[in-house]
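K.L.:
As a plain string of letters, each chain reads:
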Amino acid sequence: MTLPILAFNEFTFEFETKPPTAPVLRKLTLSIGPGETLAVVGESGSGKSTMAYNAMRDLGVTGRLINGNIEVSGIDLVDLTPGELRKLRGGQVAMVPQDPMTSLSPSVRVGRQLEEVLFFHSSLKRGPAMDEAVLAALQMVELHETERILRSYPHELSGGQQQRVLIALAMISKPDLLILDEPTTGLDVTTEARILELIGRIQKEYGTAVLLITHNLGIVRQFSQRVIVLYAGDIVESGPVKEILENPAHPYTKGLLNCIPQIDSHLIEMDLPTIAGGLPDRNAMPSGCLFAPRCPLVSDQCHAGIPELKQVAEAHHVRCIFAEEQRVSNQRLSSVSSTPVPVAADAVEDDVLLAVEGLAVRYETEFGVVHAVDGVDFQCRRGEVLGIVGESGCGKSSLARSIAGLLVPSSGRIIFDQQDITRDGLQRPADVRRRIQMVFQNPEHSLNPQHTIEKCLLRPIKLFSQIAPENYRDRIIELLESVKLNSYHLNRYPHELSGGERQRVAIARALAAEPDLVICDEPVSSLDVSVQAGILNLLQESQRTDRVAFIFISHDLNVVRHISNRIVVMYRGRICEAGTTAELLSPPYHPYTEALLGATPIVQSGILKRKVNLPYSTSKAAGGESEGCLFADRCPHKVGLICESELPPDRSLHTGGHLFCHLSNDQLGAMEPIFTRTP
Amino acid sequence: MRTKRLDANGLSVGVVTGFTLFLLKRVVGSILVLVAISMILMGIIQFMPGDAVDMLLRGISPDAVNPEVREALRRDLGLDLPVWHQYWNWISGLAQGDFGQSYTLKVPVGPIIFSRLASSLILAVPAIIFMIVLGIGLGVLAALSANSPLDGAIQLISLVAIAMPAFLVGSLFLYVFAVKLHWIPAAFNAVDISLFNTWETITFFFTALIFPCLTIAAETVAHVLRQTRASMVEEMKLNYVRAALLRGLPQGYVIFNHVLRNALLPAITVIAINVGYVLGGVIVVEFVFSYPGIGNLMLTAILTRDIPTMLGTMLVISAGYVLANFVADILYSILNPRIRLS
Amino acid sequence: MMGSAKWSRLTSRQAFGLAFGSIIITGLIFLAIFGRWLIPYDVEAMHFDHLKEFPSSEFLLGTDRFGRDVLSRLILGTSTTMLIAGASTALATIFGTIIGLSSAFYGGIFDKIAMRVIDVIIAFPTLVFAMFVIGVLGSGIFNGIIVISLLFTPSIARVVRSAAISIVVLDYVNVARMRGERTLYILFYEVAPNLYPTILVEASIRFGMAILVTAGLSYIGLGPPPPAPDWGTMASEGRSIMFSNPWPVFAPSIAIVLAVIGVNLLGDGIGALLVAKPSRASGSNVK
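Residue numbers (our numbering), protein chains in the order written: chain A, 1 to 679; chain B, 1 to 342; chain C, 1 to 287.
Extracted from the complex, chain A is given alone in its bound form:
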């Protein structure tokens, strides 16, 4: 029997804190054989990153091994001398860290950083042999502008390029094990898809074992063979990927899978199932099953002790007393009880609340004029959720800020309820200010750290509502409860709240003004999947009960699709396609929409996704004064020179919809759907 490349044996690990807290990893046991791929899935705080760092014996500042050990190719890491450990890192075991922007040394050129690794891990000295090896590494990760990249500093590269450099750095010494820590966070969905494909190819070609750490169940499917679900430092489920995704058995796994909107969730109006509560507080761990406090199936037996890992199917192990029944049950576990209601076709009013015409936002930079938003038209109706989807550089932020009044567009018109508010900026009439609100992306920065929650909510009530001062507090509590918080939070400061709770406060603040339109700029992007679901439910409830319209901006097409009635797809400042959600998901597609759909990770079993091959984006800057289609240089369906020289016409067959492309209607009609159900 061959030795596993990596083996955790009853590994228990803690961070020393005052007062002492529970261990981060508890008796963790797993192994990866040579050439195998294992994915470890967990939410923030589950211990998955700690696990990855420990595989290279990086304990962090206060980390301490309590029990068990870790072996690489049979050798206990603890037994290695410092010199041997150094050789191991980046040699036998290599890691691609999270966040490419901050993981590359900012003042050392990329070429040099590649050479260093070779210098310290191989016998190569500076010279032709080393240059060749460096070039080969760049080729391996599809970075073809080698001259430029070698001489660049990290901040001169795009996110995708930086990530590929990190992969090259890791692979350059042909490691036996490659550890990927959240390899796609912060990247565009299309870039993410290509990078995952790249890693899959590298893995096959070099036979490298891969340990993939992620919170995104969707990418697990792509190239992992096995998956482990980690909860509070413990393995709660493990098995082959296909089996786990089709027949999850642990309530937590089921919960995680259910939180992700199903591919047709927009056709049925229903709250997303959420997992109530949060990870257990390390200062007060539950006795018994760690998931029990949040588990919808909880029984007295669960509190008696931590369940053992039981086998429920071939290679499929679960840590739950209800495992066998759960595996075969299709019961949708949820802390939110709801009965599905088909979405009524006329749920949204025809009354146009916001109309944007020919909007353009231009900036002068040292590189020339940047067209952040380049001639955008759309409408948002009263009570409608309009989703705006696009990747970095598409102009969605500038668009949001224009509508919010934070910046004045360079040209075009914004008409709100028949009033032209384009040039007003923040000087817009007071009632318009009340009726248009905004929720920002980063909850850490959108709440004033020096204000209590009560103070935060008080101001909009004071300014915008007619409530008498003696009723302010009641109203504040009412608002808190509407976002599933309570009076406990009144006197708390933002830093005492979790990310999800802070975002709820931000939503409560927006709703305090009783607005007609709320602009949400990436409101769930920084949140875990289970928390995300709760926020989405909140927004939908607001739409249902108060007829609030939302402009929901995100790069995550799956989330946008779930919540929106209509969707606008943007690319480099211009609209590619717009229409109802159903229209957008079925062919004909704009080639960019097709690529976005093809890149969106799908977790649902029983759905086949057609692959779309999209080249990497070539430039960082937003669209220029191009005469033709801005997508032309990457488009897999490019017709010819006409794409670069002429603006594409509108091919949409639906009223109110748009599809700007040079492809003929016949060609568009011949497109295959991206998603099909397996028979």
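Hints are computed from structural coordinates only; laboratory data are not their basis.
Accuracy of the hints is not assured; some may be wrong.
[As the list claims (entries may be wrong)] Pairwise CB distance ranges, derived in the manner of DEER restraints:
1) C:F16 - A:G74: 47 to 53 Å
2) A:S122 - B:I31: 49 to 55 Å
3) B:G97 - C:I113: 55 to 61 Å
4) C:F16 - B:P250: 35 to 41 Å
5) B:A319 - C:P225: 50 to 56 Å
[As the list claims (entries may be wrong)] Reference listing, derived: stretches of chain A covered by chain B, where coverage requires no fewer than 3 residues with Cβ under 8 Å from a Cβ of chain B:
6) 8-21
7) 115-121
Keep in mind it's a predicted model, so treat the numbers as computed, not measured.
Glycine included, every Cβ here is placed at the ideal spot set by N, Cα and C.
Given the structure of chain A, go ahead and fit chains B and C onto it with the hints provided.
P.N.:
Chains B and C alone, transformed into the frame defined by chain A:
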């Protein structure tokens, strides 16, 4: 850096690249600052209570002085001219190397200033070297052994060093090395270095001159040390350091080649500020040790209302400081590729 | 203001420093205000039969060369030093904050001009320039305060400006702007509460420097005129007899050292307590 570029017709077009432009801008900026300083200095002089003439004539009974003589004296010194005219005279004189005439000593100020400057530099330059070497070295050492007893000791010592006024340190040295050991001469200006041979010069330096030098250095070393330590500690926490170490690069290598150049950036600013302090703080130290340097010269000039000398010394010291800032700016941009390219 | 104070952020060393610093500063302020009623002897009284004496039960810190009680002079000197250093720091902080905030908020020409002027003033080595100006305009408490506050205002302005700029772009300020709040409201209620920690830390550093500059100036004879018992002047007067009795020099010097250390520790402690660091760090200790 000139690169050859060809325009549409194939003719070469010389291009001055960004860095040279950057350099030029800084040079011009520095000169402008100096000009501004000179104007401000001149302006302040105008507010001096009492007349320079009065000072000069102090020894003589006021009754004996004829108002006409006073007027003549004023005209002589150019004090009757309007401010901007006096300023212009001064500046144009400077451009030719003429600092004017000392009121009290009746000799050109220029040579005095520069010989005194040379003496001060004998103290200042080694002090600056100490500051940089010890400050950065100890700062890095403290950062690498953060929270250890060694770090604690270094931090404590630097905290005390910052708080000690220069005259205290100087007095301590004097007490031990002048009174008890007789190493430091009672009056430095009695000693003529040009008469020494090499060995004697070195001995003299290490037994006598080193003390005023260390006095100046003490406080500045502490400032540089604290800043270096703080920015090293912060820098070491960043993701890229961890990522580099996990690639198997040795710790020493990572610190010197990846971390240091980023961590030193704030330290450079502090060093520049402290160079200014060194150039100025010489005043107190020279006072304590009775050392004939530019600082003491300025003090004397202030006390005797010798305007040309005051202006001259002040300008020279400021110029040194502006130069230090200029060098710091350039170094900063060399070390930080992001600034260089913008 | 103390809302974001996280006591858990302090290491025990910092907590100790905070306590130590607070005690010292409180003590100094107390002495500065109430000193004149606590001194055992009149500061100008010369005891001719007790010249240059070492500390004794009669004169706890000894006497100087004129027979004056060192302890009394030290205590009274506290108020002079604190007055000059304190007032100039306060003035510099007030004006520096106003300038820095205006620069950050209104930008434009005002900002550009202010920055240029600041660059020029910062270009002056502080002590030298202070000496120059005082030497020209005459010494005295008032002049001292004016000069030092003038010299310190630019650095504070710069610090406040850069802190304000980084706050102004945060989303909660945008939220306030979208509500239609007036600029002054935003300044006072949204931005300022987040600036206190930075300003406090910077002010405490400056305070320490002000003490040193004041002492330095009086040492070379440019301080408040005698018989004012400023610490620097005391040290200077004690110079000639230092070799027979070092106390007149060392007593005020140690007072200076303690004061500056106290202030710096206090500033460090406040900074550690209130200033939230951005969470870019990974906190690794890879060995």
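K.L.:
Where does the structure disagree with the numbered hints, that is, which hint numbers, in rising order?
P.N.:
3, 5, 6
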